[in-house]
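Respectively, the protein sequence lines represent chains E and L.
Going by the numbering used here, the first sequence opens with residue 1203, and the numbers climb by one from there.
Going by the numbering used here, the second sequence opens with residue 1203, and the numbers climb by one from there.
Note that these hints are calculated values from the structure, not bench results.
Possibly wrong hints are sitting among the right ones.
The list treats identical chains as one, so a pair stands whether inside a single copy or across any two.
As the list claims (entries may be wrong) - Here are the simulated lysine-lysine pairs, PhoX-like style, with alpha carbons at most 20 Å apart: (1) Lys1536 / Lys1560; (2) Lys1577 / Lys1591; (3) Lys1536 / Lys1552; (4) Lys1577 / Lys1596; (5) Lys1355 / Lys1393.
Now for the letters of each chain:
Protein chains: 2
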Amino acid sequence: MTQLLNNIHAVILAGGSGTRFWPLSRETCPKQMLQIVGEDTLIRQTIKRINGFVPPENIWIVTTEDKAQDIKFHLESLGPLAKKIQFIKEPLGRNTAPAIGLAAIYLNNLSPESIMVVMPSDHAIPDHEKFLNDLKLAIEGAKEDYLVTFGVKPNRPETGYGYIKIDNDPRVKLNGLHKVECFAEKPTIEKAKTYLSDGNYFWNSGIFVWKTSRILSEIEKHLPSLYQTLKEIESLLFITDKPNKSNKRSALCALCYASLESISIDYGIMERSADVLMVPATFQWSDLGSWTALDEVIEKDDSGNILKGNTIDIGSQNSIVFSGERLVATIGLKDMVVVDTPDATLVTTKDRVQEVRKIVDTLRQNGREEHLLHKTVERPWGSYTVLEKGEGYKIKRVALNPGAKLSLQLHRKRSEHWVVVSGVAKVTRDGETFLVHTNESTYIPVNTKHRLENPGEVPLQIIEVQNGDYVEEDDIERFDDIYGRT
Amino acid sequence: MTQLLNNIHAVILAGGSGTRFWPLSRETCPKQMLQIVGEDTLIRQTIKRINGFVPPENIWIVTTEDKAQDIKFHLESLGPLAKKIQFIKEPLGRNTAPAIGLAAIYLNNLSPESIMVVMPSDHAIPDHEKFLNDLKLAIEGAKEDYLVTFGVKPNRPETGYGYIKIDNDPRVKLNGLHKVECFAEKPTIEKAKTYLSDGNYFWNSGIFVWKTSRILSEIEKHLPSLYQTLKEIESLLFITDKPNKSNKRSALCALCYASLESISIDYGIMERSADVLMVPATFQWSDLGSWTALDEVIEKDDSGNILKGNTIDIGSQNSIVFSGERLVATIGLKDMVVVDTPDATLVTTKDRVQEVRKIVDTLRQNGREEHLLHKTVERPWGSYTVLEKGEGYKIKRVALNPGAKLSLQLHRKRSEHWVVVSGVAKVTRDGETFLVHTNESTYIPVNTKHRLENPGEVPLQIIEVQNGDYVEEDDIERFDDIYGRT
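The following block holds chain E by itself, in its conformation from the complex (with noise of 0.2 Å):
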């Protein structure tokens, strides 16, 4: 038995940007790293349904190069679990079947003869236990060199999701795991009803299982373009007698990736192969494909609300409102959503909510910063707050947590006031070293080596004033950085 699970490995899929739930996410912080739902984020808890179950080390995040420093740091409080997590890059986002196929193409070198487990990132599973039992069902398919994908018996004519169709003949039934028949899209409403009332009808759940072998023939089979491409990926990553060209290696991987058609593993494989199970789930599950979709993960007050944060409601049905530390007021609402951030909010009805892509579309448009950045950016030092910028200053809190150690750093453009408000600071500057301690200040120039570190026990919170005519984040020189950012 543990030989067989060495032999399982979970595949994270998680480069979704998730516009749908800004502005609670941004660019550097898509809905996987949310905790809109549970005790803690999405990817987070992805991977605590999965610990266990297989070895960490076997527990790999497939995601863009982009988006990867930021998701590492993000995992750093799972503690030791965290450093053994492995990443596999795509040099850019083509949708989630060239994802898959670069994952198959890794794990089938490192681990010839494995299982894949893939799962997004991003959806909502509250109960692991019933999670795990439905996975040892669809390994079981797996082994019998099935592709096993998970359906989610529908409650509701929902028309956001996939359907998958299974043939209810009890002689293709093997184990529980039922035969599939066919995969519809996202259905009309009237559709829906028919379906719902079918009985033979389930929500496509996204999460697969298969061995890798089998996988990565099918592609071979139904895309035969990728897996070329997967294959010349392979050569250049594995088959290589060439050692210290890995640059120029790994820059050939990203032109053969960057080719390729974005095409999704169900439109790709899936609707096309043979050899389809599907497990019905027990667990309950949600994609979390917009903000409606906390209706149906998160309980609601007697008038139907979603009330979360800093609000004062008065008589409103049937709406969600989610704020921060600052203060929503919402009066009379009727099926709204109502998010507040610290420097934007959206107001929209529910049966609009999925244009807040065009929201999303627009900033980027205009050139804005809204969809990029939160005020508030998580570092693997602590956290750092922009509390406003004006023309030629910018204004911090950054706040060290006990231990941590900026890189030993120099700006070009900007020097930088730094009064500690709790906690004692390590400052280094220009070679020499002191601490300030709170209700102190320091001043670092321009073009002066400089570090900040918490030697003390407790957090350390300091104001950092920047002056200078350019206050961005990329004027930095690194010279030392204990997360490897140098």
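We have chain E; now place chain L onto it with these hints.
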């Protein structure tokens, strides 16, 4: 004619707290101090409307003692005019009849034959010229010893205003002034429709003109106990032959005033008096009674929306979105009001906009601060903005106008770090005086007398980091203040 105008006094009622425009209005920044329509704030527009028609020293602001200083600072931008405007301070708010009675007592003593023009400070009247023309007519009526009011011809069945019914008999018409038959309270929608079609009903604008002697005799007749108290106050203020007892007399006045019944001039006098005339207003008017009143005074876009500030909208209709620097994104709103400020956001349906009072009540009951102060507070020397308040610290951006000078002051419980981000600061600290340039900083320890000045000709901006267990505004001892605040 000059003689006449010198005898006319403008009495501007500015005691309102304006909770109905929360979160834009606050206790320290009531509606009259907001620029929600037109080129300036409502109270400054009111003053500009009458200035020139009466001499500046005949402009009187009636407000409560706690609001007087904020309003005084607020008017400073009017320049030399501001210094001539006089204040009549109510010890506390007691509705319009006592406020007008108090002003009548003042004027009757200082200028016995005077006519007073009573104007709310927070109404919208865009056309000053038409207003002054109508006012001339009203003054003619007042000279004949009538109580004169202004009625606005309704263009919709408004339920938010009181109405005036005129006697349409041409025999009682006096040079364009109509005899008033009766006053009517805010009607139901059915009644409002009848009033609209009747043609003899006008909106009660709350603007009045009369001789001080006449209004006092009406008060004597209809509100004898108010009259009695006003006479007591008069004897304390004007008919005393014991000087140097002004503090005691003020305290007695306050006691008298506090004992008064809260009653409006409409209910207390206008509805009961037999000699009321009405000028049919030729000017456009709104009392700006709630956020939805903006629909009457601000031009809407093709979808019936009013969008102001940093907003992005997709497909909303007949909605009002008021934002400042923060982004407010709206999708598919219908008949809604969204108002955003740095620390609080209101989202309400238009038909329940009056309930914003309940939100303010809740804040007051819960000891919150979002109804008291804005994050940015205007001061006679410039303004300050609270950027963040945390445990043991507070961060402010302080902006000083050229030549401005804060008071010489001292804090018992906090130290302050100042970083200059633009301009040059002149700092006095413990007797020593020095300059601090952009990108330099200084430190003010606890219990240290200090003063901040802007000696330059460009604005000065500093970032102030306060450190201490107690960082509230009331930890200040002032020793010298050019704005009279010691």
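* Structure versus earlier hints - violations, ascending order -> none
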